[in-house]
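Visitor: Sequence:
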Amino acid sequence: MSVLSEDPLIINYANENNFSEAARTLFIRQKDEWEMLAAGVESLKTVKVKSFQFGGFSIKAQFNPGRMTSTSAKVDDQSILERKCFLCSENLPDGQKGVLYHDEYIILCNPFPIFPVHFTLAHEKHKPQRIIDTFPYLLDLSRDLSEHYSVIYNGPRCGASAPDHLHFQAGNKLFMPIDEEFHLIKNEYGSEILDEKDDLVYAVDDGLRKFITIESTDYSFILKVFNIFYSVYSELVNAQEEPLMNLISFYESEYGWRIIIFLREKHRSTHYYKQGDEQILMSPAAIDLGGMCIFPRETDFENVTKENIEEIFKEVFVTKEILDKIQQKMIIRLKEDS
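Residue numbering for the sequence shown follows this note's numbering, starting at 1 and increasing by one per position.
Since the hints were made in silico from the structure, they are not lab data. We put the beta carbon where it would ideally sit given N, CA and C, even for glycine. Keep in mind that the hints are not guaranteed to be accurate.
What the hints assert, rightly or not - Derived Cβ-Cβ restraints for the label pairs, each shown as a range: (1) S79 <-> E315: 21 to 31 Å; (2) Q275 <-> I11: 44 to 54 Å; (3) G276 <-> I11: 46 to 56 Å; (4) N12 <-> E235: 40 to 50 Å; (5) G56 <-> N12: 43 to 53 Å; (6) N187 <-> F86: 21 to 31 Å; (7) P65 <-> F86: 16 to 26 Å; (8) E42 <-> I331: 24 to 34 Å; (9) M36 <-> E315: 32 to 42 Å; (10) E307 <-> G276: 11 to 21 Å; (11) E196 <-> P128: 34 to 44 Å.
Stated by the list, open to error - Listed next, the in silico PhoX-like pairs over lysine-lysine satisfying Cα-Cα at most 20 Å (straight line): (12) K197 <-> K335; (13) K197 <-> K186; (14) K60 <-> K320; (15) K197 <-> K173; (16) K274 <-> K224; (17) K325 <-> K335; (18) K266 <-> K314; (19) K224 <-> K60; (20) K45 <-> K173; (21) K186 <-> K48; (22) K60 <-> K48; (23) K325 <-> K314; (24) K320 <-> K186; (25) K50 <-> K60; (26) K84 <-> K125; (27) K306 <-> K50.
Make a model of the complete structure from these sequences and hints.
Guide: Put into structure tokens, the structure is as follows:
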């Protein structure tokens, strides 16, 4: 039995390459027809949110009990081998339907949402989470869903709860604080790697997060810069596997793409592994780093402080030294390539 939606309106939108409307309509239909999604969306009415102010930007905390499975997911090799892949079509829950994207990805509604409208963009085949040769799809998906949504990627060792199955996520634009605060943060804390007309590459250290940004309307320019970045980053951290990173891709037709690449030192902070009252169950991924930190336990949400957030972020990001070296090496490599 096919998992693809047979709804004529959704099919028509997809055939017209209007995937933003196809996805939006899919979510509306699935919310009406699939109890699991309806319950997940309903649960968002009970979430609590509070905000912490830092130097000109905000980090929010969200109590979201529906995210317990994802936050506490065991992603070691043995645990993955012992469970069925929940993103493979044959293992999807009864009632879940999707939209096929260019014969490669299936757009699925996420029944455990963080965003008000939350999608998982799962590859049609079971293959490992990997960005170096799938980055073009991040650009394509974020452009083709851009009317309503931005797209994120979590690395296999720093946030992806299904590191064995290639996938992205998409959700409402302007939901994460960094969506609106990006330019303020970049202008205040950014350091130029390249700034030529509409092509901008910056290294940013805002005191909590360290990241690289790429802004351009030029698809091939972004691909070139990302490949240079990936090579430099891999060399610096001696990565035999994919170096730790989380990405957010935000597209606007007038300004093109805005890529944020968060640079990670580790998956979870020591707070996650502490015992008793000292434990804070938070597993930072792209949405958390974008400024919406998810806490599946109410006690953690109620007790977490600004200082805790600062400690967790500083522990899971790379050092200032690594960021500076990436910046220096990228400047050299981009000059050589120009």
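Visitor: Are the hints correct? Go through all of them and say.
Guide: Structure-based check of all given hints:
1. S79 <-> E315: 21 to 31 Å: holds, 23 Å
2. Q275 <-> I11: 44 to 54 Å: holds, 52 Å
3. G276 <-> I11: 46 to 56 Å: holds, 53 Å
4. N12 <-> E235: 40 to 50 Å: The hinted range 40 to 50 Å holds for N12 and E235, with Cβ atoms some 47 Å apart.
5. G56 <-> N12: 43 to 53 Å: holds, 45 Å
6. N187 <-> F86: 21 to 31 Å: With Cβ atoms ~41 Å apart, the hint is violated.
7. P65 <-> F86: 16 to 26 Å: holds, 19 Å
8. E42 <-> I331: 24 to 34 Å: Violated - the Cβ-Cβ distance for E42 and I331, about 50 Å, lies outside 24 to 34 Å.
9. M36 <-> E315: 32 to 42 Å: holds, 35 Å
10. E307 <-> G276: 11 to 21 Å: Given about 19 Å between the Cβ atoms, the range holds.
11. E196 <-> P128: 34 to 44 Å: holds, 35 Å
12. K197 <-> K335: holds, 16 Å
13. K197 <-> K186: It holds: about 16 Å lies between the C-alpha atoms, which stays within 20 Å.
14. K60 <-> K320: violated, 24 Å
15. K197 <-> K173: violated, 25 Å
16. K274 <-> K224: Answer violated: K274 to K224 is near 42 Å, above 20 Å.
17. K325 <-> K335: Measuring from Cα to Cα gives roughly 16 Å; hence the hint holds.
18. K266 <-> K314: Answer holds: K266 to K314 is near 10 Å, not above 20 Å.
19. K224 <-> K60: Status violated; Cα separation ~34 Å.
20. K45 <-> K173: At roughly 19 Å apart (the allowed maximum being 20 Å), K173 and K45 satisfy the hint.
21. K186 <-> K48: Violated - the C-alpha atoms of K48 and K186 are around 29 Å apart, more than 20 Å.
22. K60 <-> K48: Within the cut-off at roughly 10 Å; holds.
23. K325 <-> K314: holds, 18 Å
24. K320 <-> K186: holds, 16 Å
25. K50 <-> K60: It holds: about 6 Å lies between the C-alpha atoms, which stays within 20 Å.
26. K84 <-> K125: holds, 14 Å
27. K306 <-> K50: OK: K306 and K50 at ~11 Å, within 20 Å.
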